[in-house]
Amino acid sequence: MVKKMMLALGALTILFPAMAFAEDPSGATLNMGLNSLWIMVSFVLVLLMQGGFILLETGSTRMKNAGHVAGKTIFTAGLATLIYWAVGYGISFGGDSALNALFGWGNFFFDPSVAAGEGENYPSTVFFLFQLAFAIVSLSIAWGGFAERAKLSSYVVFTIFFSAIIYPTVAHWIWGGGWLAEDGAQDFAGSTVVHLTGALAAFAATVLLKPRIGKFNKDGSANEILGHNQVFTALSVLLLWVGWFGFNAGSTVAIGDGFFGYVAFNTMLGAGAGGVAALLISWAVSGKADITTMLNGTLAGLVAITASCAYVAPWAAVVIGLVAGVLVFYSVKFFEKIKVDDPIYALSVHGAAGIWGTLANGIFATQALAEKVGIGQGGIIDTGSWKQLWVQFESVVVVGAFVLAVSFLVLGIMKLIMGFRVTEEQEIIGLDLSEHGAYGYPEQMKKAGQNIHS
Amino acid sequence: MSDPVRMQLLGQIGAADHVEELRSLRDQVHEQMEALLPTRPVEQFNEQLNEVHDAVIQRSVILAEAEMARLGMGSPPVPYAYILFGSGGRKEQTLSSDQDSGVVYEDPVSDSAEVKQYFEELCKLIVFHLKKVGYPPCEGNVLSSNPEWCLSLSEWGSKLDRWFKEPAWEAVRYLLIIADGRCVYGEERLLDALKDLFFTDMLNHPIIIQRMLDNTMRHKVLLGIFGQLLKEQYGVDAGSLDIKYGAYIPMVNSIRLMSIQTGIRETATLERIRMLVKAGKMSVADAALYDQAFRLFLRLRLMTKEQRANGLYANNGKLSSRKLTKEMTDELKSSLRLGKKLQRAVFKQTMGRLK
Numbered sequence: 197m198v199k200k201m202m203l204a205l206g207a208l209t210i211l212f213p214a215m216a217f218a219e220d221p222s223g224a225t226l227n228m229g230l231n232s233l234w235i236m237v238s239f240v241l242v243l244l245m246q247g248g249f250i251l252l253e254t255g256s257t258r259m260k261n262a263g264h265v266a267g268k269t270i271f272t273a274g275l276a277t278l279i280y281w282a283v284g285y286g287i288s289f290g291g292d293s294a295l296n297a298l299f300g301w302g303n304f305f306f307d308p309s310v311a312a313g314e315g316e317n318y319p320s321t322v323f324f325l326f327q328l329a330f331a332i333v334s335l336s337i338a339w340g341g342f343a344e345r346a347k348l349s350s351y352v353v354f355t356i357f358f359s360a361i362i363y364p365t366v367a368h369w370i371w372g373g374g375w376l377a378e379d380g381a382q383d384f385a386g387s388t389v390v391h392l393t394g395a396l397a398a399f400a401a402t403v404l405l406k407p408r409i410g411k412f413n414k415d416g417s418a419n420e421i422l423g424h425n426q427v428f429t430a431l432s433v434l435l436l437w438v439g440w441f442g443f444n445a446g447s448t449v450a451i452g453d454g455f456f457g458y459v460a461f462n463t464m465l466g467a468g469a470g471g472v473a474a475l476l477i478s479w480a481v482s483g484k485a486d487i488t489t490m491l492n493g494t495l496a497g498l499v500a501i502t503a504s505c506a507y508v509a510p511w512a513a514v515v516i517g518l519v520a521g522v523l524v525f526y527s528v529k530f531f532e533k534i535k536v537d538d539p540i541y542a543l544s545v546h547g548a549a550g551i552w553g554t555l556a557n558g559i560f561a562t563q564a565l566a567e568k569v570g571i572g573q574g575g576i577i578d579t580g581s582w583k584q585l586w587v588q589f590e591s592v593v594v595v596g597a598f599v600l601a602v603s604f605l606v607l608g609i610m611k612l613i614m615g616f617r618v619t620e621e622q623e624i625i626g627l628d629l630s631e632h633g634a635y636g637y638p639e640q641m642k643k644a645g646q647n648i649h650s
Numbered sequence: 007m008s009d010p011v012r013m014q015l016l017g018q019i020g021a022a023d024h025v026e027e028l029r030s031l032r033d034q035v036h037e038q039m040e041a042l043l044p045t046r047p048v049e050q051f052n053e054q055l056n057e058v059h060d061a062v063i064q065r066s067v068i069l070a071e072a073e074m075a076r077l078g079m080g081s082p083p084v085p086y087a088y089i090l091f092g093s094g095g096r097k098e099q100t101l102s103s104d105q106d107s108g109v110v111y112e113d114p115v116s117d118s119a120e121v122k123q124y125f126e127e128l129c130k131l132i133v134f135h136l137k138k139v140g141y142p143p144c145e146g147n148v149l150s151s152n153p154e155w156c157l158s159l160s161e162w163g164s165k166l167d168r169w170f171k172e173p174a175w176e177a178v179r180y181l182l183i184i185a186d187g188r189c190v191y192g193e194e195r196l197l198d199a200l201k202d203l204f205f206t207d208m209l210n211h212p213i214i215i216q217r218m219l220d221n222t223m224r225h226k227v228l229l230g231i232f233g234q235l236l237k238e239q240y241g242v243d244a245g246s247l248d249i250k251y252g253a254y255i256p257m258v259n260s261i262r263l264m265s266i267q268t269g270i271r272e273t274a275t276l277e278r279i280r281m282l283v284k285a286g287k288m289s290v291a292d293a294a295l296y297d298q299a300f301r302l303f304l305r306l307r308l309m310t311k312e313q314r315a316n317g318l319y320a321n322n323g324k325l326s327s328r329k330l331t332k333e334m335t336d337e338l339k340s341s342l343r344l345g346k347k348l349q350r351a352v353f354k355q356t357m358g359r360l361k
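Protein sequences, first through last, are from chains A and B.
Using my numbering, you'd call the opening residue of the first sequence number 197 and step up by one each time.
Using my numbering, you'd call the opening residue of the second sequence number 7 and step up by one each time.
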């Protein structure tokens with residue numbers, strides 16, 4: 197069979213020599229093509245992380261809200277696409293504005309050229325898609341703070357503000373040539389830009405919404421509101437983990453010399469270390485090897501390594517992941533202690549670990565890798581200089597303050613004007629019924645309902 | 007409670023004519039005993055408290071017998087023993103323990119169905135009375151009113167044989183419950199005969215020890231790897247210590263398993279420790295330490311939060327860590343370490359024997 201085919205091909209080549217020796221693409225074109233393909237694949241991987249968020253959020257919450265929680269992720273991804281296309285992308289990467297340090301301006305209702313131009317490494321279309329997927333991830337992280345009690349309309353309004361202003365501004369500061377980029381802030385794939393931004397929006401939301409009914413007792417002790425499907429939650433972590441290779445390794449936006457492989461390698465180490473550390477610390481401290489904590493630890497490892505995956509040695513990736521796993525365990529306890537209800541653990545997984553990951557650059561980044569990436573310099577251990585740590589600290593504080601302020605403002609005004617939280621009755625019935633009129637799990641919920649009424 | 011007051015109360019309990027009177031006497035006892043806890047050695051307190059419980063239960067049985075007679079069902083057709091299991095069997099009831107009970111009666115010479123029915127009715131009455139006096143029934147239905155736990159001696163014999171032959175986890179659990187059985191009213195010799203059967207079967211089925219070990223080690227001591235206390239994480243009891251299942255029960259289980267292997271018939275944990283020393287299975291020094299640790303657990307267990315629900319005295323065995331002084335916390339930690347050491351010793355000893 198193969199023989200015959202080779203024979204036929206050989207004969208045809210002799211007949212039509214032009215087919216085999218059609219004009220060779222130039223090295224640059226090949227490079228551009230490979231880059232584009234890689235970015236496109238990465239975009240698909242990062243978009244698929246939404247599947248992870250759907251399972252994560254649904255698995256960690258109760259059955260009566262499942263349809264709502266899952267469905268709204270898809271809806272807001274669509275809405276965010278339109279907003280980011282119309283406005284957000286222009287703020288992040290739209291080119292020079294009068295206040296270029298603060299935000300970009302231009303390319304609104306983005307109308308890209310159909311192919312890469314001369315000398316470009318990839319067409320702007322794939323870059324747009326890749327950046328859009330990041331914006332949607334950040335948005336889905338923010339939903340963690342909304343879970344199980346925010347009105348559907350508040351999701352709509354917040355999507356608009358978040359994808360038009362909040363996220364794009366931060367992305368511009370660090371990635372779009374804004375003022376933190378000029379300072380040399382290192383955030384390879386977005387520990388700060390994507391994760392901390394999303395987490396702080398979630399924090400503002402959960403503080404303004406107040407805890408879910410039944411989360412805290414009168415004496416201040418917390419109840420454990422268990423999610424309805426731990427298998428979903430575990431699968432979500434796998435899905436996110438896989439997607440993260442698009443997120444981190446894709447952020448090289450180039451095939452180049454294969455550096456993306458190194459980034460992926462560090463990412464894998466960080467994730468593994470996060471999960472192991474979290475399971476061990478929960479077992480050591482509370483006497484139980486807690487699955488939820490382990491899953492959170494794996495995600496925290498990924499979040500933390502996101503900023504540093506291109507800047508650190510493999511051993512440092514392991515250390516960063518281990519610390520993230522321990523940190524997330526104590527962070528969850530901390531938020532419970534100050535009575536902030538964090539249903540999906542977004543504040544701990546994306547916030548605390550995001551901050552740690554960003555700061556970790558200032559400690560573990562090596563000079564050689566910083567030069568390779570071309571941003572900032574090595575951290576304390578390699579260079580003995582505190583400069584990078586200071587820059588990292590500055591970016592966390594400034595971004596944190598900005599996101600918190602704008603999120604509180606936007607959500608606060610929303611709360612005043614249109615109301616933010618559903619009524620007590622709606623919350624108890626569940627958002628599936630109150631916001632959409634149908635249960636995500638009709639059979640089970642009707643059965644449960646009958647028990648309540650009888 | 008001074009001795010004269012206590013004797014007077016015991017006298018009143020022994021003379022009570024109806025259940026309501028028993029209830030009000032029990033309520034009085036509670037008020038007085040609660041105030042007494044901090045003032046006297048826990049062993050003495052425990053003994054006096056269990057004396058009262060025994061008296062109340064005995065009187066309830068007598069009242070039930072009398073009521074049976076009034077209802078025209080006659081008097082007990084054959085001798086029987088009313089048995090307490092669980093903490094009652096071990097003479098370690100708190101102010102709010104539940105009912106775990108059973109009955110063994112002499113093999114009837116004639117009409118066993120009628121005899122059976124008499125005891126079924128009697129036990130229903132007793133359990134009902136005790137509920138009125140505030141003892142919640144056992145959730146696992148280990149109750150004399152459950153026909154499975156109200157049997158003649160020969161029925162018990164074949165039941166034990168079955169359990170020993172097929173030691174599924176439930177059978178093993180029941181066998182461990184039997185080991186704590188104590189006759190509170192009636193013919194002691196009947197329970198002795200039952201225990202004879204139990205210990206003979208034990209000798210014939212050495213493999214059962216392995217299964218008992220698995221069951222016994224299930225409850226983990228409340229101590230983390232850093233030597234910290236493991237507290238409840240969530241819920242209204244957040245910050246509390248599960249004294250019952252994290253301190254008291256692991257120790258009870260360990261000592262019970264050692265005692266069963268040694269053929270000791272005492273049921274109270276402190277008595278079992280003494281007997282273990284006598285039998286040469288435990289050094290005097292170790293025994294003194296375990297003794298002290300167990301007394302602390304008894305005391306803390308008596309301090310756990312009481313809940314009164316539907317007129318029943320209940321308790322979830324959890325103690326708020328805020329109730330503990332620094333000294334008590336330190337003492338608890340070192341006692342828990344001893345509890346762990348004991349568990350390891352029992353494990354090693356048992357596995358060594360099996361090899």
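Some clues are possibly wrong.
To be verified - Dumping the calculated DSSO-like pairs for lysine-lysine here, alpha-carbon to alpha-carbon at most 30 Å:
| id | chain 1 | residue 1 | chain 2 | residue 2 |
| --- | --- | --- | --- | --- |
| 1 | B | 332 | A | 535 |
| 2 | A | 414 | B | 329 |
| 3 | A | 411 | B | 354 |
| 4 | B | 354 | A | 533 |
| 5 | B | 237 | A | 529 |
| 6 | B | 122 | A | 484 |
| 7 | A | 484 | B | 287 |
Claimed, not checked - So the derived label-pair ranges between C-beta atoms look like this:
| id | chain 1 | residue 1 | chain 2 | residue 2 | range |
| --- | --- | --- | --- | --- | --- |
| 8 | B | 44 | A | 414 | 21 to 31 Å |
| 9 | A | 485 | B | 33 | 38 to 48 Å |
| 10 | B | 171 | A | 415 | 48 to 58 Å |
Derived from the structure by calculation, the hints contain no laboratory data.
Yeah, the Cβ is synthetic: ideal placement off N, Cα and C, and Gly gets one too.
Results for each hint:
This hinted pair checks out: residue 332 of chain B and residue 535 of chain A have alpha carbons roughly 27 Å apart, not beyond 30 Å. About 19 Å separates the Cα atoms of residue 414 of chain A and residue 329 of chain B, which keeps this hinted pair within 30 Å; it holds. For the hint pairing residue 411 of chain A with residue 354 of chain B, the CA-to-CA distance comes to about 44 Å; that exceeds 30 Å, so the pair is violated. A C-alpha spacing of about 42 Å is found between residue 354 of chain B and residue 533 of chain A, which places the hinted pair above 30 Å, so the restraint is violated.
For the hint pairing residue 237 of chain B with residue 529 of chain A, the CA-to-CA distance comes to about 13 Å; that is within 30 Å, so the pair holds. Our distance criterion of 30 Å between C-alpha atoms is broken by residue 122 of chain B and residue 484 of chain A, whose separation comes to about 48 Å. For the hint pairing residue 484 of chain A with residue 287 of chain B, the CA-to-CA distance comes to about 33 Å; that exceeds 30 Å, so the pair is violated. Between residue 44 of chain B and residue 414 of chain A the beta carbons are some 28 Å apart, a value that agrees with the proposed interval 21 to 31 Å.
The beta-carbon spacing between residue 485 of chain A and residue 33 of chain B, approximately 45 Å, falls within the hinted interval of 38 to 48 Å. Under the hint 48 to 58 Å, the C-beta atoms of residue 171 of chain B and residue 415 of chain A, about 51 Å apart, fit the expected range.
Taken one by one, the earlier hints fail for this structure at numbers 3, 4, 6 and 7, listed in ascending order.
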